[in-house]
Amino acid sequence: MNPAPATAPATVAEPAPASASGSPLREAGRYIAQSFRLMVGQPSYDTYVAHRQRTHPGEPLMSYEAFFRERQEARYGGGKGRMGRCC
Amino acid sequence: MEFLKRHLPWLAVALLGTWGLATLALSRGEAVSATWLVMAAICVYLIAYRYYSLFIANKVLGLDATRNTPAWRHNDGLDFVPTHKYVLFGHHFAAIAGAGPLVGPVLAAQMGYLPGLLWILAGVVLAGAVQDFIVLFISTRRDGRSLGEMVKQEMGNVPGVIALFGAFMIMIIILAVLALIVVKALAHSPWGTFTVMATVPVALFMGFYVRYLRPGHIGEVSVIGFVLLMAAIVGGQAVFESPVWGPYFDFSPEALTWILIGYGFVASVLPVWMLLAPRDYLSTFLKIGTILALAVGIVVVNPTLAMPSITQFAQGNGPVWAGDLFPFLFITIACGAVSGFHALISSGTTPKMLENETQARFIGYGGMLAESFVAVMALAAASVIDPGIYFAMNSPAALVGNTPEAVAQVISTWGFVITPDVLIQTAKDVGENTILARAGGAPTLAVGMAHILHQAVGGQAMMAFWYHFAILFEALFILTAVDAGTRAGRFMLQDLLGTFVPALKRTESLGANLLATGLTVAAWGYFVYQGVQDPLGGINTLWPLFGISNQMLAAVALMLGTVVLFNMKRERYAWVTALPAAWLLACTLSAGWLKIFSSDVKVGFLAHANRYADALAQGQVLAPAKSAAAMARVVFNDRLDAGLCVLFMAVVLSTLVYSVRACLRARGQAKDQTREVPYQPLPAEARA
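Protein chains in written order, with our numbering: chain A, 1 to 87; chain B, 1 to 688.
Careful, some of the hints might be misleading.
Residues on chain B that point at chain A, a partial pick, calculated with CB under 7 Å [claimed, not checked]:
{"hint": "1", "residue": "V81"}
{"hint": "2", "residue": "A94"}
{"hint": "3", "residue": "G216"}
{"hint": "4", "residue": "W273"}
{"hint": "5", "residue": "L276"}
{"hint": "6", "residue": "A295"}
Pulled from the structure, derived: some chain A residues nowhere near chain B, Cβ distances all over 12 Å [said to hold, decoys possible]:
{"hint": "7", "residue": "S23"}
{"hint": "8", "residue": "R26"}
{"hint": "9", "residue": "A50"}
{"hint": "10", "residue": "G58"}
Simulated from the structure, these hints should not be mistaken for lab results. A quick note: this is a predicted structure, and the numbers were derived from the prediction, not measured. Just so you know, even glycine gets a beta-carbon here, dropped at the ideal spot from N, CA and C.
Can you make the complete structure from the sequences, with help from the hints?
Encoded structure:
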């Protein structure tokens, strides 16, 4: 369910998140896992890495752990537009 | 021919839905299955989604599949991320669906299931889903701005500040009413109290696990947490049955209130990874799982609706909450029909992740339909239990007495025949000392869910387990909301106070943090404590305040939508938002007026205050107050609540004035006055 922690970001340099191959069932599973993680404020790390490598090649990347913590702080940190949930 | 082929299946859906609604509406005493309720609702949703939301998408808003979205424009892989629509739907649904749609319909069931059902369906199709959809659209076209910023932008600074202040007050009331629901559910319930308290060490363990032992492994730690929670439910039974341990977890409502206040303070000062985040994993996943289980349970078990379609309390003067069907039904069920709080979510994280603006229809309109379905299931769960039990659980002791004999006798005179034995046996079945006077929705829903789920899994022996599972599930996400809400309130307050004392704005300063957190906790804690001591049972007072404030925020959001349509020069379609806004104004303003000025002491705050003030002046003490000081408190609280109503009405009326002015201004202008980010085509990568 979890993406591989920061070991080899170079291997996940897909051009866009939605173009994964594999069986439809596996793809559905991937979306479900992604959806559950996003429900608790964790977007896809692979997508982040792919995006950074495409738009800011050569610049430092957050490790998976740092990314996880950054997103965790952001979800509950308050501030503008951060109303995370309803009643 | 093509036309026929396209619409014929939908005609079939419409007929099926009509059949379902007719079966429900025309039943006179014969047994009706809850499946009809679910089926009728689904048919209405399908038709509304297929036709009305498409009309809004194409004609009213003119969604443009080639237009760039904030997710692509500002893509940073963090906040702004183009996200697959099904993934985003899950995120959005989890953010909007909470305790609200589970509680309101349960309280509304006192009028029978039909009034509530009709309002949920009409409300969501014409108002609630429209609001969520349009706010999501407006925010997406404005780089994902928040509701407050958009009100400021479209109507001016003053209404912007008013809207933000309104949102803060609403949050305080929501936190108070949610906390009160937990207090009502756990009072003198050792099993429930133990189970809910056990979630704190479980969450702490999960927090350390996912930060240090296995960083980021959310799925794994959630499974471990879930197993521990189930163990806590089983352990709760042992505590309940133990003469030694039971009393340690048997708390009065007042004691529980203080515990919750203390918990709320500590929890929202601790680092988020320690308690809040792991709690959030558990509550979110449990919420989704339980909603699915309930849906499957209703279809598989196919329970019969025991509540009449309409009871005599549809005329007003019900025991659970006072007041006539209009306007009070429409503020009792807010979430599930139309919920203003969603405007904050739809202008929060979701617009920053839309891949394509045409998906706003599926996520905004469709997401709200899904929440509405949760409300329908809650209504079904409350309607499958014996009405006698329903009223015994939800009527205040002041009205029906506090022994099973007295309660059974009073409720039987209402036509819902019940014996004391049944009340005692039901309490025993669910592992509680008593089920009397447990207003607030959560325990009733828990009995309903236990009633349905034990028939699917486990049989009679599992009834108590399912009851406490349902209580745990509700308490868990309510406590998560209390924690997160206190934090959000603290930041809002620091921002607000910071305009006067700049030092208080620094969110990293411990002193400022403690002060703002303390003030926020004190604000909602005050209302919870007031609710616990309320002669009419608390929920009776706080739930209407919550409903009024929530619907008023919805009216503000829909008025914003109307202003935007005028600014877009699409005023010929402005009725799409203006009509539901007008309806909400009618409901909330008349409800607010009645809550303040009604001469019925069960409805009007001032009438109630005067009755206690008069008695106090004559030296009498009215139950349940036990002293002159308590009497004075009741009077003060009533006047405070009346003041809050005035405040909410002022917020919404001033927004009305500002939006009418903005609309008139827009009409006078020849050109499109919209403040959207100018058109840019979607990048090539997005069209792949």
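Numbered hints the structure breaks, given as an ascending list: 6 and 9
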